[in-house]
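Peer 1: Please construct the entire structure, taking both the sequences and the accompanying hints into account.
These protein sequences, in sequence, are chains A and B. By numbering that gives the first Met the number 0, the letter at position 50 of the first sequence is numbered 49, and the numbering carries on one by one without gaps. By numbering that gives the first Met the number 0, the letter at position 457 of the second sequence is numbered 456, and the numbering carries on one by one without gaps.
Simulated from the structure, these hints should not be mistaken for laboratory data. Possibly wrong hints are sitting among the right ones.
[Stated by the list, open to error] 20 Å max Cα-Cα, derived SDA-like pairs, lysine to any residue: (1) B:Lys-234 to A:Val-49; (2) B:Lys-83 to A:Ala-238; (3) B:Lys-319 to A:Asp-159; (4) B:Lys-266 to B:Ile-280.
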Amino acid sequence: MDHLDQLEAQSVYILREAFNRIEKLGMLWSLGKDSNVMVWLARKAFFGHVPFPVMHIDTEKKFPEMYLFRETYAKKWGLNLIVEKCPPVEATDPTLPPAARSAARKTLGLRDTIAKYGFTGIIAGIRRDEESVRAKERVFSPRGESGAWDFRDQPPEFWDYFNTDLPAGTHLRVHPLLSWTELDIWRYIQRESIPMVELYFARNGKRYRSLGDRDITSPVMSEAATIAEIIAELETTRAPERAGRAMDRETEDAFERLRAAGYM
Amino acid sequence: MSTEAKAARELMRIVIVGHVDHGKSTLVGRLFHETGSLPEGKYEAIKAMCERRGMPFEWAFLMDAFQSERDQGITIDTAQIWFKTSLRDYTIIDAPGHREFIKNMITGASSAEAALMLIDAGQGIQQQSRLHAFLLNLLGVKQIAVLVNKMDLVDFSEDRFAEISREYSSYLGSLGIKANYIIPLAARDGDNIVARSPRSPWYKGPTVIEALDSFRPAAPLSALPLRLPIQDVYKFDDRRILAGRIASGSLKVGDTLLFSPSNKTAKVSSIEAWSAPSRDIAEAGESVGLTLDEQLFIERGEMASHVDSAPVESHVFKAKLFWLSKTPLKLDATYRLRLQTRDVNVAVESITAVYDPESFTARPSDTVERNDIAEVILRSPALLSLDAAETHPKTGRFVLSDGRNILAGGTISLDGYPDERRLVTVRSSNITEVAHGITAPQRAQRNGHPGGVLWLTGLSGAGKSTIAMALEQELFRRGFQVFVLDGDNVRRGLSANLGFAPEDRAENIRRIGEVAALFAESGQVVITAFISPYRSDRDRARQALAKSLPSGPAAGGFHEIYVKADLATCEGRDPKGLYQKARAGEIAEFTGVSAPYEPPAQAELIIDTEKLNIAQAVALAVSYVEGHFRKVG
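Peer 2: Structure below.
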């Protein structure tokens, strides 16, 4: 087994644990590269099926290419798609900096969706290498009443034994991609020929490395127009992946506060 | 293509451990800086964070992502970060060194293939320096480089380095560990990380990077016997697919699989996959889906293996565990045992030792406190499929939970416990029971009492045989149909082909249980006098009687009589000189000395031979039998 085989087997194991242990399970689908890989891994785990709803928490500020991708592949992949719109920015914590407030809409949208459908488990495609607060996450991460993350007292998790039980009134976040790196994701996309939103590939010397809302996401300078070129670029770059995501760096603890409140 | 070639690069997971403040996070920051792995802008961001706090540049902020970690200057939770050398890629796991956060340290360290252990040259070896080594050993992390850090504070003294090396090597030695390297370091300044430092000219060993590159990846588990814990069974379409991740070994289409504990077998028909080339072989680490040639009822929690290398089946096992919960582990308490995908209740039957990681001494105790390491015996009402951690590193590990969170992790030892598999297997299916012309009530009427079993159990030297013989005589005198089964009349014939290994002893007791049941069915009161150390064996004898002589007025029942005397007393009596031989190592697996004795949980009668003499003991037994067997007839 090579490195990608090992990552795939581990993610499949996690998804199967979640499906077996969690009563009401849903998967977040942001239409980005990571969540497309995650949907793909679910089909691997369940032999072509995705046996739970796939949710898009829609800020209505995504790129048109992303909405087109959603409609095309929800059908093609036979997904049970749920689209839920986020509350307006006025509903978010006013003490957060502006871009973080904008991102916090997703936290509220997710919270409402969980309540509406009664989800007890949410699968999210975060990775440890994206952001140093995410690096401290567990694979199965319990959330408080309103989706809050008590990062000061996380349960132990080792030897592939996950904390799959939870008290009533809360939910579990499940992170099957936690051990993957950005480079792993692209190598796997290449190996499996997984379709991607075209915004990732360079046009006119620019491409998006990470996709979010139109107004708080910016492209990076790049000539990488194919998967192989993106991989080659990532092997040498020292620029962080989320450099184009304004909300991460407005203040020292902006992202930590977002995540503690339930951001994915 | 070049990217394809690079995709095959090896990845190794390294954990950095050690006492709080000995410089773990600083080392990580420096490793990144020295190898040019730091993301763009990160150095500037850390600098700004430090300036805001009016403090000098702090490398630890690279990993200490939480504001509270930075404000308190300690690592709370484990984090991971990636870097590469010219040889391979690394995931670096930073583990907190504060005793408060042991559960986070374990979370981080459990997946590592090697460890860097930091020791402050000034402070020397501290509590967590010892505890972490102890835990690494339990977690299965065997490769260790010890880094004696902050050498600049002791002027790079060769003597100080040698002193710490000596002391720590000796501690590791007592755990059975040998450090691969011991390296002098000044992590903050980068000495001996990438390049050998001019400040320690006396040091001739490898740098940290050289040490890392010399570690070997974890040995593949494919060479071990097959273990496939069944995770789920899917019926999304017309296929019935058993899903699971192969823990060790390999399998191929056509192999006969044995499922434990249900003891069913079937052949592998296919290995199913979606969007992948079809294959007929799979090995350790793979998440697979199988179809079988027979529609067996198999559930999550079963363990698939090959027939000739199956796990041991037992209700009870010995474990070494680390306890992580704020609520202490208690004797007799019930917890949920998670054994791969199996999830069953276990009770803590005994706490044999609690270790003190400071002095590496063990003491007995009734509770195990948070962050303690202890040796316990766990018993389940269900039959468990077990592997010893020593031979099966993956399946020999378990966790305990309270139905919510993981409370403990542990390793399994099977020393002294018999494999119960063949004892419970239904032996033959083409036997039809012949109904007797004479009924149990008729026999009871004729004898004046029903048939039944008086099962004496206790340590060697407790007085079982003496009591059994005297009791037989007295009951016979009183007109009972009575007979004693003891070692002499059983071992000579019925069990002549058995030795004294745990499995043989269990089989011997099984035979005695069956024979006693037949005697009882014939109307006799049977007295058995065997140590019969395992509770599960005695329970099986009870079930054997329940089958041949179901309860009713004409059934005298099964009476477990605990002939009680503690080990010291029995050893003092030692009528046959057996304890002396066992202590001298001349008898292996001697009950009480080198093999366990499990006292009855609820004996029908306890005869305490420390308090009663023989006449009193027999009188007690006789009155008990009169009370229970003279009600009919």
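Peer 1: Give a verdict on every hint.
Peer 2: How the hints compare with the structure:
no., hint, result
1, B:Lys-234 to A:Val-49, "holds (13 Å)"
2, B:Lys-83 to A:Ala-238, "holds (16 Å)"
3, B:Lys-319 to A:Asp-159, "holds (19 Å)"
4, B:Lys-266 to B:Ile-280, "holds (13 Å)"
Violated hints: none; the structure is consistent with every hint.
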